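Here the protein sequences come in this chain order: A and B. The opening residue of the first sequence carries number 1 in the numbering used here; numbering runs sequentially from there. The opening residue of the second sequence carries number 1 in the numbering used here; numbering runs sequentially from there.
Keep in mind the hints are simulated off the structure, nothing from the lab. Mixed in with the good hints, there may be bad ones.
[As the list claims (entries may be wrong)] Computed list of lysine-lysine pairs in DSS-like fashion (alpha-carbon distance at most 27 Å, straight line):
| hint | chain 1 | residue 1 | chain 2 | residue 2 |
| --- | --- | --- | --- | --- |
| 1 | A | LYS103 | B | LYS206 |
| 2 | B | LYS206 | A | LYS72 |
| 3 | A | LYS102 | B | LYS206 |
| 4 | A | LYS129 | A | LYS100 |
| 5 | B | LYS206 | A | LYS210 |
| 6 | A | LYS103 | A | LYS129 |
| 7 | A | LYS72 | A | LYS129 |
| 8 | B | LYS94 | B | LYS279 |
It should be emphasised that the depicted structure is a prediction, and the values quoted were computed from it without experimental measurement.
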Amino acid sequence: MKVELENLTKRWGDVFGADSIDLEITDGELVAFLGPSGCGKTTTLLMVAGIYKPTEGVIRFDERVVNHVAPKDRNVGMVFQSYALYPHMTVFRNISYPLKLKKVPQEEMQRRTQQVADMMGIGHLMDRKPAQLSGGQQQRVALGRALVKEPDLLLFDEPLSNLDARLRLSMRGEIKRLQLELGITSIYVTHDQVEAMTMADRIAVMREGKLLAYGSPEELYDRPRTLFIGGFVGNPPMNFVDVEVVQENGAYHARRGGFDVVVPPERGGQAAGHGTVIFGIRPEDVAIADDGVPGEIYVVEPLGRDDLIDVRMDEEARVHVLADPALGLRIGDNVKLRFNTDEAQFFDPETEQSLLWA
Amino acid sequence: MAETVVGAEAGVARAQTSRWAQIKATVGAWSFMSPAIFLVLVFFFIPAILLFVLSMTDLASSNFSDPWTYIGLENYRRLFSDRFFPKILRNTFKYVFLTLGFFNVGLALVLALLTSHINRRASFLFRLLWLLPRITPSVVYIVMWRRFVQTPPYGIINWFLSMFGVERQPYWLTEMPWLFVVLVNGFVGASFGMIIFTSAIEAIPKDLFTAAKVDGASSWQIIRDITLPLLRWPLLFVTTYQTLSLLVSFEYILLLTQGGPGLYTTEVWALTAYKRALKTYFGSHAWGYGAAWGFILVIIGVVMSVVYLRVFRFDELVQEPKIDVL
Ligand SMILES: Nc1ncnc2c1ncn2[C@@H]1O[C@H](COP(=O)(O)OP(=O)(O)O)[C@@H](O)[C@H]1O
Ligand SMILES: [Mg+2]
Chain A
1 MKVELENLTK
11 RWGDVFGADS
21 IDLEITDGEL
31 VAFLGPSGCG
41 KTTTLLMVAG
51 IYKPTEGVIR
61 FDERVVNHVA
71 PKDRNVGMVF
81 QSYALYPHMT
91 VFRNISYPLK
101 LKKVPQEEMQ
111 RRTQQVADMM
121 GIGHLMDRKP
131 AQLSGGQQQR
141 VALGRALVKE
151 PDLLLFDEPL
161 SNLDARLRLS
171 MRGEIKRLQL
181 ELGITSIYVT
191 HDQVEAMTMA
201 DRIAVMREGK
211 LLAYGSPEEL
221 YDRPRTLFIG
231 GFVGNPPMNF
241 VDVEVVQENG
251 AYHARRGGFD
261 VVVPPERGGQ
271 AAGHGTVIFG
281 IRPEDVAIAD
291 DGVPGEIYVV
301 EPLGRDDLID
311 VRMDEEARVH
321 VLADPALGLR
331 IGDNVKLRFN
341 TDEAQFFDPE
351 TEQSLLWA
Chain B
1 MAETVVGAEA
11 GVARAQTSRW
21 AQIKATVGAW
31 SFMSPAIFLV
41 LVFFFIPAIL
51 LFVLSMTDLA
61 SSNFSDPWTY
71 IGLENYRRLF
81 SDRFFPKILR
91 NTFKYVFLTL
101 GFFNVGLALV
111 LALLTSHINR
121 RASFLFRLLW
131 LLPRITPSVV
141 YIVMWRRFVQ
151 TPPYGIINWF
161 LSMFGVERQP
171 YWLTEMPWLF
181 VVLVNGFVGA
191 SFGMIIFTSA
201 IEAIPKDLFT
211 AAKVDGASSW
221 QIIRDITLPL
231 LRWPLLFVTT
241 YQTLSLLVSF
251 EYILLLTQGG
261 PGLYTTEVWA
271 LTAYKRALKT
281 YFGSHAWGYG
291 AAWGFILVII
301 GVVMSVVYLR
311 VFRFDELVQE
321 PKIDVL
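Okay, chain A solo, but in the shape it has when bound:
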């Protein structure tokens, strides 16, 4: 099912929950709503579910406007961060509750509930109460309950936030696989950009109720349109350094004090002549090398596979670099940095818009 949000707004007095959101989700797509806590992800999701009535704007399922359709007639399934399992019902009754409300015949209800439970790997826990299950099992019951009515749209509200890191990783994969297999259009709310990057076909980045960007993970990662997107998408986050871009002997240089790197003309050309601009480069595009920009190591954070090194180039310019732990770098070491400027980004410091991807 296709979902369309048009100028969707939710206000409580003068508090904006969501502010004129425009967005289209194609059939079978998984879209992540990504943004910091309090940016209006849940509000938007609850409007799609029919729990909140929009203050303004239109929600369309396929071509049908559903603003005034009751939640029970929208055929959506929803999974909550808190799982929201009914504590007094067994696993079986939790999963089968939507079917019971639809007055599905007893026998079919039994069969479909068992089928979904087996698919979720909790078929043997049918008689337990939620309190007798682990977090991961509860999450599976919640998923089962959302899937059992064969919804046209699945809504996830930070479903993995309460799980431990390892379980989160495996559930992430499982949800993605299920969604692909069943082909159900899905909205996945998260504040974790790794989750959004790995699972979503497209990511809607939100801040303060507004939709800031909407695109595929690659698009947001490689071609961030604003400073905020550049800094928000990607982990560890992008480095920003104030520079001036000048053309010399046919080559473009990004410069500040002792910092001087050559940038490819198709990028440098866009940034030259704007005075001071913000140069953005991701930690994986900076390397410790034999020659290059000099700097001093300020902090070393071992991440296991890599060390995250914070290098100070001058008083105000610091960059994070991913380096091989085998180099044995220590705080205070002097190093040289080489920049892969093929991936360099440039932003206008005033408007915070990208100079490359207008």
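Model the placement of chain B with the ligands on the given structure of chain A, informed by the hints.
Frame of chain A, contents of chain B with the ligands only:
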């Protein structure tokens, strides 16, 4: 060989520590319960036993100067052969269950469900208003009701009736004594359950209601399938507590109808006990006989509590301790 000996010694040591731990746990448990046990003993068991002892004597104001005489179960024989005993028993249950069903639990639940679905500020104000009669002195409250039901030219109900041109304007209290007995008690009694139920409903996580709506439940289905089952504990509490307080309450009836009109029309058990023991027309207090009425009421109360615990399957509500005793 040596190893086995060491093993055996270790076993003994372990048995000792575990016995010691057990003793510690038992002492701990009892010391936690001791304040409650003390209160129950001093304010329930001992008075109940004294009451029972008293009920086997002929202690009364008429023979107060004589020594007490043990008369066995004579007071009970007299009680059960009283011509009005069945009527008073029926009245008591009628009073308790009508008030409980329609007001103390019924209306309380309806009010709680309604107020938890409207704006918070408005519902708070509404609840506050509903609490007013509870903090009004009983005598003032009853005088107000008596004024309501008076015959013309004083009665407020009748004043309204005359505005609509209704001719018949009786003394409503003698016309429908039971209606007013239940109404007067229930109007005050409902606020207790309403407060308990409201806070219990507010304690239910919002997500559960959202989930139920998404699952396709109507408002009524949400109440039936989610809210009410999660209110089992407060329902049990309010039902039991209010049954017991209604069983022993008689002051509103005393002030309103004095058990009348006519012979024992609205007389309940507690009122009889009070009248027999402490209030007779001739100033003859039959303490021993009144105590017998009182003690039967205690037994009725205990039996009802046990029945409730069974009906509500109380044992299922009791949870395993969340913190292990170390
Ligand atoms: N029922 C409500 N009444 C008033 N303000 C609300 C309500 N629900 C959410 N908000 C406000 O709307 C904004 C967005 O909230 P929410 O959608 O829950 O954020 P997110 O899910 O992205 O963390 C927040 O500023 C929040 O305070
Ligand atoms: Mg949220």
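Going down the list of hints, with the structure as the test:
no. : hint                   : result
1   : A:LYS103 with B:LYS206 : holds, 25 Å
2   : B:LYS206 with A:LYS72  : holds, 17 Å
3   : A:LYS102 with B:LYS206 : holds, 23 Å
4   : A:LYS129 with A:LYS100 : holds, 18 Å
5   : B:LYS206 with A:LYS210 : holds, 25 Å
6   : A:LYS103 with A:LYS129 : holds, 23 Å
7   : A:LYS72 with A:LYS129  : holds, 25 Å
8   : B:LYS94 with B:LYS279  : holds, 24 Å
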